[in-house]
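K.L.:
Starting from the known structure of chain A, fit chain B onto it as the hints suggest.
Protein chains: 2
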Amino acid sequence: MFYAFLKEGHHLYFDKEESFHCIKVLRHQAGDIILATDGKGAKYKAIILQADQNQCILEVTQVVEIEILKKPLVHIAISPTKNIDRLEWFLEKAVEIGVNQITLLTCKRSERKNVKEERFQKIAISAMKQSLRHWLPTLNTLTKCTEFFKIPFSNQNKYICHCQHHTLPLLKNIMQLNQDAIILIGPEGDFSNDEIEDAEKNGYVSVSLGNARLRTETAGIVAVHTFQMLNSFN
Amino acid sequence: MFYAFLKEGHHLYFDKEESFHCIKVLRHQAGDIILATDGKGAKYKAIILQADQNQCILEVTQVVEIEILKKPLVHIAISPTKNIDRLEWFLEKAVEIGVNQITLLTCKRSERKNVKEERFQKIAISAMKQSLRHWLPTLNTLTKCTEFFKIPFSNQNKYICHCQHHTLPLLKNIMQLNQDAIILIGPEGDFSNDEIEDAEKNGYVSVSLGNARLRTETAGIVAVHTFQMLNSFN
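Just so you know, the sequences run in chain order A and B. Heads up: the first sequence begins at 1 in my numbering, then just goes up one per residue. Heads up: the second sequence begins at 1 in my numbering, then just goes up one per residue.
With the rest of the complex left out, here is chain A (with noise of 0.2 Å):
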């Protein structure tokens, strides 16, 4: 299945990535059908108008499948870790199992303060493909956690995770079900105590994800398997 980047009334447009691998890789030919999806939960079937390897153009002829994007929603903030392999690791993890927006968090304690973000779309374009989902979740660059706090995102739950406290609450035994949340995952070394502070005035429940020590992104594939967990009963 191909990603298209774009849908104009019946066309579809394959970034260069994707037009590449569609027809120097996998040697497609105009008139060739083909299916992709849109990441905004449409599968198609699609003609080959176009067959350029910098940008391949398409013809919908069949809509095959709309995966209705379940809800409620996950957002997951999360500071960059040192080692970059490991957020792309947490990436690939957290689109599989099904997250629907991601925000790259700058704390006090972020070693790391840059990403490259078209490498980050690649592979959640990738993970979204591989596990057979037709919703690419949002990712967003990277924002101060000092701001992020401030945003006053109604309607969702806002949980913080830290190791701070030994009596937090499990974040899997406050979770308010079926409504959105945003979980912040922290730093290697966690929250500082005013980022901390800073977050439940602005609205965040501090929570614990268990007694062990988590690695930032271990914690963050587990925050998400919680929420789908306590949400989806198929």
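Calculated directly from the structure, the hints in this document are not laboratory data. Be careful, since some hints might not be right.
Given that identical chains are not distinguished, each listed pair holds provided it fits within a single copy or across any two copies.
[To be verified] Straight-line Cα separation of at most 20 Å, EDC-like style, residue types lysine to aspartate or glutamate; simulated pairs:
(1) Lys-172 / Glu-200
(2) Lys-70 / Glu-8
(3) Lys-108 / Glu-17
(4) Lys-16 / Glu-117
(5) Lys-129 / Glu-188
Computed from a prediction, not measured in an experiment: that's the story for all the values here.
P.N.:
Same frame as chain A, now just chain B:
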């Protein structure tokens, strides 16, 4: 914290790796007092008697903590992945989240027929220490799945996760609570029909992990976390 592979009387023994790390990297000397676990629940204060970078020997001065082994226990039997990084990643995360035993399964479609057991052990030790656990999971060597299926494992619930039917029950919906479990995870390309039949004949219940097609290592993590979520209420 250090890992002592052997405790005899009041003496602790470090393997080569841990000895090197303690003596050569961290420059500890005879007489220094450090923290160590035996991977069987105990955390000790111990004094270095023999500061040998090949085999460090210590004497226990205090039992700091005994971590009770949390029941029920979960055993994951999983096919090694073609890309070894994915298997190693599974191992690290499974230990962090809480697995008790791992067996590597050679299936018909497994593309990898060997793993470096020593490296596997090292990763498990490192993940145990990093996550502040004091129980080292049992790691079993590569076993043919047809042989593994025949092992009786009485008093354990047995599940095989696969994608061969659309109507399988979800693991989370049928898992029996407060009982030990063995969960099988297949290779890229899934278990073969023969393998599934064979497993079912030997008491394994076919289950699904959801609609998304998960990679082998993701399925392994989801299985461990599903078990822990359902069975721990603290």
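K.L.:
Using 20 Å as the alpha-carbon threshold, which applies to Lys-108 and Glu-17: within, between, both, or neither?
P.N.:
Neither: 35 Å inside a copy, 34 Å across copies.
K.L.:
Checking an output row: Lys-16 and Glu-117, CA cutoff 20 Å. Within, between, both or neither?
P.N.:
Within one copy only: 16 Å inside a chain, 42 Å across chains, cut-off 20 Å.
K.L.:
Are the CA atoms of Lys-70 and Glu-8 at most 20 Å apart within a copy, between copies, both, or neither?
P.N.:
This pair counts as neither: shortest intra-copy Cα distance 25 Å, inter-copy 56 Å.
K.L.:
Which holds for Lys-129 with Glu-188 at a C-alpha limit of 20 Å: within a copy, between copies, both or neither?
P.N.:
Answer is between; shortest inter-copy Cα gap is 15 Å, intra-copy 30 Å.
K.L.:
I want to check one pair: Lys-172 and Glu-200. Are their C-alpha atoms no more than 20 Å apart within a copy, between two copies, both, or neither?
P.N.:
So Lys-172 and Glu-200 pass the 20 Å test inside one copy only (19 Å; across, 33 Å).
This entry does not satisfy hints 2 and 3, going by the numbered hints stated previously.
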